[in-house]
Amino acid sequence: MATTRGQLTGSRIRARRQEAGLRQGALAREVGISPSYLNLIEHNRRRIGGQLLGKIAAALGTDRASLAEGAEAALIGALQVAAARDAGTPAPDLDRLEEFAGRFPGWAGLIARQQDRIGAHEETIAALSDRLAHDPFLADTMHEALNTASAIRATASILARTPDLEPARRGRFHTNLFQDAQRLAETMAALVTWLNRAGDARAAGATPTDALAEFVAAHDNHFPTIEAGGDPAALVAGDPHLPDNAARALALAWLRRVAEDARALPLDRFVARGRVTGFDPAALAADFGAPLDAVLRRLGGLPAGPHWPAFGLAICDGSGTLLLRKPLPAFPLPRYGAACPLWPLFQALLRPGMPVAATIDMPEGARLVAHALCTLAAPADFGGPQRAEAVMCVRRVDAAADDGPQPVVPAGTSCRVCPRPACPARREPALI
Amino acid sequence: MATTVLLIEDEPNIKEAVSFILERDGCTVHSLADGATALAAVARHTPDVVILDIMLPGQSGLEVLRRLRADPATAGLPVLMLTAKGQARDRAEAEALGVDRFMTKPFSNREVLAAVRELAGP
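Chains as they are written, first to last, in this note's numbering: chain B, 1 to 432; chain A, 1 to 122.
With the rest of the complex left out, here is chain B (with noise of 0.2 angstroms):
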């Protein structure tokens, strides 16, 4: 379909109505509208949205986010956003959300910008309540400080309120009162210290996991210089988005994996089978003698080309903790929040070492062929604990493709803003 990204959805509509050869005025029949209106719509002079979008989709056999896809979808996505984390009245009104994004995008912008810092300060908020709550140096300082405070305070006293006290007595309380003294002020500059530390933390603004993803996404995951064998240390160095040594020893170690997958699996002659083989993991992990993991993160960092889809790529640990995000538009990732648990990333944590399969089917109507599979790294020593990891790459389809793997899954992003009211994963309401 001639269509580009940042492309309006009007204009999509004429593209793909033009391509399935049809007439506007039996479009406009067969979606109950005027071909005078549907004029207006296709040269976006007309907003629409909801379900009109919904009828011309199925009319040109798509779905709705591929007509609305690219920057007009991830603004909307993020108004969507904005408006389920907003509990106020009266409630934004969602069935016109697209009109307003397409008649205002200026605006549009600013509230999805807005809602983005709003999101990062929570997080930030968040953090810092539990490293408040947590931390055990913080909560050994503080004890320590109101202890000793507390002997300032009782020994003060008595001292001011015991004036026929014996001269050795009073000796003995004054020496305790200076080097209790001594002491809270050993400890307050001990706690300003630690206080100056995470306040530089803080103003990295992210957590070291989220540098990496904005480090990854900065990057598109594909770092040309690490497969042309490039020193991962000097990438690394000096990335305006990897703000302390935390976030950097993250990106190094994603880069030395990068560096050996890329070594396993030479990006010519990877892309060379992928395309042969319709980009299926199975066969080229077949193909290479190399680890399905392997190939899953390596598919999640091909570059962007012509003539293979764009993959996107998600990795959590044991916990089901996202440690590496490359979203696609049709697949958004969570920062805020936990994701759905229907994925087969969280699938696969359940078997570990059993390749998954499945296909997602988006609430936005996208189509996605997900492939994931959770791998155990041996403990370090007899008794240690064993780390499990689970990656899952996945691709976006044409949504009336049937030929996918089963089972055809209906996830979606993360509860909150999921409309799905049946799920059975539910975890909390909808806000939308």
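Please keep in mind that the hints were generated in silico from the structure rather than gathered at the bench.
A few of these clues could be false.
Unchecked claim - Far from chain A, some chain B residues (derived; all Cβ distances over 10 angstroms): (1) Pro105; (2) Arg269; (3) Pro291; (4) Gln386.
What the hints assert, rightly or not - Example chain A residues on the side facing chain B (calculated, C-beta under 7 angstroms, incomplete): (5) Glu11; (6) Ala96; (7) Phe102; (8) Pro106.
What the hints assert, rightly or not - Label-pair restraints from in silico Cβ distances: (9) B:Gly171 x A:Asp34: 23 to 33 angstroms; (10) A:Arg67 x B:Ala217: 52 to 62 angstroms; (11) A:Arg44 x B:Ala253: 50 to 60 angstroms.
For every residue, glycine included, the Cβ atom is placed at its ideal position computed from N, Cα and C.
Dock chain A against the given chain B, drawing on the hints supplied.
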């Protein structure tokens, strides 16, 4: 008869200051710095009031309280908890275990003295 107080507190200068104000008020004070020997000390000194910190080496003040309440001989012993752990869940746990008074540090000497007098009874 003098009130006997068992003070279980691992901070030496607090122990010294609280002991001083109680003794000056006429109490007999026995003190120790860990929770592990608390029950034996209670059996030995038969105090009228126990002042108990939460964060103690050996055994936490909450565990000492639980064991005191579990023993019929000491189940009714007045206990004043004096702690820097003033979080709601610590207070709730102490109250669920049957603490008589819960005071957070930094405390005032007068409040401690008044609490001990009240708990010791007439």
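Verification of the supplied hints:
1. Pro105: Holds, since 48 angstroms exceeds 10 angstroms.
2. Arg269: holds, 59 angstroms
3. Pro291: holds, 46 angstroms
4. Gln386: Given that every Cβ of chain A is farther than 10 angstroms from that of Gln386 (chain B), nearest at about 33 angstroms, it holds.
5. Glu11: Result: holds, 5 angstroms to nearest chain B Cβ.
6. Ala96: violated, 21 angstroms
7. Phe102: Result: violated, 15 angstroms to nearest chain B Cβ.
8. Pro106: This interface hint holds because 4 angstroms falls under the 7 angstroms limit.
9. B:Gly171 x A:Asp34: 23 to 33 angstroms: holds, 28 angstroms
10. A:Arg67 x B:Ala217: 52 to 62 angstroms: Roughly 56 angstroms apart at Cβ, these two residues keep to the hinted range, so it holds.
11. A:Arg44 x B:Ala253: 50 to 60 angstroms: At roughly 58 angstroms between Cβ atoms, Ala253 (chain B) and Arg44 (chain A) fall inside 50 to 60 angstroms, so the hint holds.
In this structure, the earlier hints numbered 6 and 7 are contradicted, and the remaining ones agree with it.
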